[in-house]
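Residue numbers (my numbering), protein chains in the order written: chain Y, 1 to 290; chain P, 1 to 393.
Hints were generated in silico from the structure; no laboratory data involved.
C-beta: ideal position from N, C-alpha, C; glycine also.
Keep in mind that a hint or two might mislead.
To be verified - In the SDA-like style, the derived pairs of lysine to any residue whose C-alpha atoms are separated by at most 25 Å in a straight line are: (1) Y:Lys207 <-> P:Arg147; (2) P:Lys110 <-> Y:Asn127; (3) P:Lys110 <-> P:Asn140; (4) Y:Lys207 <-> P:Ser166; (5) Y:Lys282 <-> P:Ser166; (6) P:Lys163 <-> Y:Gln203; (7) Y:Lys207 <-> P:Lys58; (8) P:Lys101 <-> Y:Gln141; (9) P:Lys101 <-> Y:Lys282; (10) P:Lys100 <-> Y:Pro144; (11) P:Lys153 <-> P:Asp128; (12) P:Lys110 <-> Y:Leu205; (13) P:Lys163 <-> Y:Leu122; (14) P:Lys58 <-> P:Asp105.
Claimed, not checked - Some chain Y residues well away from chain P (every beta-carbon gap over 10 Å; in silico): (15) Val147; (16) Leu214; (17) Val267.
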Amino acid sequence: MPEWLIEFPSAIQLNIKDAIDNFVHYLVVNWEPFFDGVTKVLRSFLSQIGYVVEIIPWWLLIVLVFLLTWKVGRKLSRALLYSALLFSIGAMGLWSLMNTTLTIVIASVIISILIGFPLGILVSSSNRSNVIMRPILDTMQTMPSFVYLIPAVMLLGLGNVPAVIATTIYAIPPMIRLTSHGIRQVDNEVVEAARAFGSTRWQSLIKVQIPQALPTIMAGVNQTIMMAISMVVTCSMIGATGLGQEVLISINRLETGRGFSAGISIVIIAIIIDRLTQGIVKKGEETNEQ
Amino acid sequence: MNNKDIILKIESLSKLYGVNKSAAFNMLGKGMGKNQVAKESGVTVAVNNISFEVERGKIFVLIGLSGSGKSTVIRCLNLLQPPTSGDILFEGKSILGFNKKELLDFRRRKISMVFQNFGLMAHRNVLDNVAYGLEIRGANRAERQSRAMEMIKLVGLEGWEGKNISQLSGGMRQRVGIARALANDPDVLLMDEPFSALDPLVRRDMQFELLSIQKKLNKTVVFITHDINEAFKLGNTVAIMKDGEIIQIDTPEGMTSNPANDYVENFINSADKAQIYSVKHIMQTPSCLIHSRDGANYALKQMRDQGVSSAYVVDDNLEFVGILTLDNAVKVKAGKTAFLDAITRNTPTTTEDVLISDLLPVAAAAQFPIAVTDADHHLTGIVTKASVLSSLV
Chain Y
1 MPEWLIEFPS AIQLNIKDAI DNFVHYLVVN WEPFFDGVTK VLRSFLSQIG
51 YVVEIIPWWL LIVLVFLLTW KVGRKLSRAL LYSALLFSIG AMGLWSLMNT
101 TLTIVIASVI ISILIGFPLG ILVSSSNRSN VIMRPILDTM QTMPSFVYLI
151 PAVMLLGLGN VPAVIATTIY AIPPMIRLTS HGIRQVDNEV VEAARAFGST
201 RWQSLIKVQI PQALPTIMAG VNQTIMMAIS MVVTCSMIGA TGLGQEVLIS
251 INRLETGRGF SAGISIVIIA IIIDRLTQGI VKKGEETNEQ
Chain P
1 MNNKDIILKI ESLSKLYGVN KSAAFNMLGK GMGKNQVAKE SGVTVAVNNI
51 SFEVERGKIF VLIGLSGSGK STVIRCLNLL QPPTSGDILF EGKSILGFNK
101 KELLDFRRRK ISMVFQNFGL MAHRNVLDNV AYGLEIRGAN RAERQSRAME
151 MIKLVGLEGW EGKNISQLSG GMRQRVGIAR ALANDPDVLL MDEPFSALDP
201 LVRRDMQFEL LSIQKKLNKT VVFITHDINE AFKLGNTVAI MKDGEIIQID
251 TPEGMTSNPA NDYVENFINS ADKAQIYSVK HIMQTPSCLI HSRDGANYAL
301 KQMRDQGVSS AYVVDDNLEF VGILTLDNAV KVKAGKTAFL DAITRNTPTT
351 TEDVLISDLL PVAAAAQFPI AVTDADHHLT GIVTKASVLS SLV
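Just chain P, same shape as in the assembly:
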């Protein structure tokens, strides 16, 4: 076990955003949570003291929900984001000690990146996009064209090299992104949710293709995703992140048979997503929001414009009052009842941090989308039955 070939070693890496970083470090040292630190010092902790090793020729997957800090971690690895503290060793050498020229050289030859929304240059055609890295490091025209063509063939885009990026589908664009990253012949490939913007069928193809390319070229890959199925399919090693910290690093088998805690277990058990996702992940802004002083005519117009049959009523302080249904609004207009009496009060509400599993009984009984309020009873969003159900699939 000791003769592992470690290409990247990350040692107690932290990334904080804000002015008063040293105070924030002290608070973290005392074991305070991320939210509390943000409240007291105004510093956002994106990544908190994480360490891991990446083995040469393997795929290392970082998985976490949005806001868990995984994108920040991957941007520290090529110093697009300088870490606040900690160290990053590439082949045993700290990349934080690189001078300007060494850093450029590192990015040009050792490490390259694939982006979630592709990051392609629309003013260049496919070939010139793929050749970008070679152009930057000063390769001559003939060399970069032949090398770029090789990569274009590798990702199966032969015949498209002269096309504009705008003529390509999403899957094809990401193939260009991968070809561009491979053209430099880097040792490490950083992939920041590369397939998240693609539809599921294309995503499956691309995952398969990545595996076959990786087998062929034997590159080291650091891969970021929020999809546990993708993580287990691709990863030799998987690290789960939550709130800027790594909770568990293991092989997919090891993690499945021996999850570190309930969070990991719930994450893995993708049949039970209701245990991982909370209301804030699925809530939406209400499409029809009216003030209690607005009156029934305005409410009717809003409902008609938005094509919905109920409106959410808030008072002047944006505190949630109740729901006005289409039927009741019509009654008010006909003079049968007063506007304030027509509002259905005491409808079920929930808060952002409630788990979907706990919301299920409420959602099952609810007539309308459930209002989400904060501690001060302000309306922050709504949760529809459809979004509850689709979060479980």
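In isolation and in its complexed conformation, chain Y is listed as follows:
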């Protein structure tokens, strides 16, 4: 039996490594002013969000979480539990690291929504853009998240700014998908009614389709937030500060307790935000039910 039937023939070579490297290199060399500008804008955006997050005193945040949980679920025990969990992050000495992490997550989520929501509407309204977007979104969601770190570092350097970019790329697909899905699944008769009364496309989008799709869109926001939080540790490898960095340091130094404290804090944040946003989604679904 010839050897090429057993071993993959080494003569066949598809070199996409060089092509991608060259492309990134080209961007680094020729687009430097552009990426510098992006970095600057993002940095000031981040510092403004950081400012808002820092300005809220610890006790106010705990009270806010208590009130919100109460408002969403009307369960006193749950409101107390979440407040206590949040308090424990402070008690572990991780409050200011949590603020840093929250800043990165919030910035990424805001950018994801600002870009993902209009894209989702576009995808819902035309089959062609749907066909184009679907493989891109699939790739973005299945690509190992570490891969995004490399170009982010090359183009934007180390620190929280490339972390925000990498997190946004990773977290944006559910926002686009669920916005589009939500708008497509609005009852056809309701959309017909909007048209029959002489709505322009814009009017039926703003006044009927988006409000009807809101619970699904909020589910997209919820998933985007969760994915952003799951990138926290990964992004610490490119110099993002906060709880993720704490985990990374404890891995390097084999400090199990320190690692778990930071890890548990991330879990607590994720649980609280998840339950709060899901509660809002559920409330929206109840009013939308026919």
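Dock chain P against the given chain Y, drawing on the hints supplied.
Here is chain P on its own, set in the frame of chain Y:
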């Protein structure tokens, strides 16, 4: 007779779905039927060359069974569906020639629609639903609220204006639908089976209410239904549709005394629905279907899960084999007989196009629900005695 005030005139309207429309038109021109055209060109003929006139201030009813094309016709009248060919004249002017702005204006001021499943916006309360059309055309808040309240009073929903749609019963929801359609003060009201989703008592009330509203406001109504009693109760003029074509247009009296053909006569003679409905209108999917290779244990489990005492057996090609009764399945399990021998074969079968009246003698003698098969003997559904009887009532 010549000084009739015609508000809507529909001229040889056709609506085809599919790619090869011109070939399909040729085939229709040669007098081929809808099914044959669909088979040869892949084009579905929803509406085939229909013409009618609607007189101002009158109720025009289009009646037909499901799939007869009546919903497509009504959606052509406000161009929710653009017709493939033909013309629609509103007050003598073709609406097909409207530009974007004229079309929006036409929909905002001249014509509005009521939907079968109401088409209400669940995120808005009753008042904001009724005011939707006014909001869209840019009326200010005070104007649309007072106008919407007027309509809410007209349909008898005063006191409910602040409620959510989910808090309303079906009848109330359709009142909201009617109020919303009337709020624009349109000339023509399109109603697509508006009362079909309501239970019979509520439906009767709503029919009465529609008549009294129509008398009060003197609107032109194009009304769609599949219920001949509803059609005759409401319609000044009734058109019967079948397979995308209008068979007869007449007043209820004229149609009763002088039906165009047997189909119309049977339709009118509602005591004899068995002459109009065929098996395909009443058949259901069998709740318990097993393969001949499945065996008795699986059949027993299926019957237990579905709560029935017989299962329909098909072979690998989905061809109908016979019926396995609960008793026989138990015998197989006890080892008294072989599975394939336990199946009752030669049970009566029927096909989709058989009229109920022709099925009656078979149904009367049948022990089990009758299996419906297609030309290749594939099982497509079953007809129970109960559904045969209820179709006659």
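Consistency of the hints with the structure:
no.: 1; hint: Y:Lys207 <-> P:Arg147; verdict: holds, 20 Å
no.: 2; hint: P:Lys110 <-> Y:Asn127; verdict: violated, 33 Å
no.: 3; hint: P:Lys110 <-> P:Asn140; verdict: holds, 19 Å
no.: 4; hint: Y:Lys207 <-> P:Ser166; verdict: holds, 18 Å
no.: 5; hint: Y:Lys282 <-> P:Ser166; verdict: holds, 15 Å
no.: 6; hint: P:Lys163 <-> Y:Gln203; verdict: holds, 23 Å
no.: 7; hint: Y:Lys207 <-> P:Lys58; verdict: violated, 33 Å
no.: 8; hint: P:Lys101 <-> Y:Gln141; verdict: violated, 43 Å
no.: 9; hint: P:Lys101 <-> Y:Lys282; verdict: violated, 39 Å
no.: 10; hint: P:Lys100 <-> Y:Pro144; verdict: violated, 48 Å
no.: 11; hint: P:Lys153 <-> P:Asp128; verdict: holds, 14 Å
no.: 12; hint: P:Lys110 <-> Y:Leu205; verdict: holds, 23 Å
no.: 13; hint: P:Lys163 <-> Y:Leu122; verdict: violated, 33 Å
no.: 14; hint: P:Lys58 <-> P:Asp105; verdict: holds, 23 Å
no.: 15; hint: Val147; verdict: holds, 41 Å
no.: 16; hint: Leu214; verdict: violated, 7 Å
no.: 17; hint: Val267; verdict: holds, 34 Å
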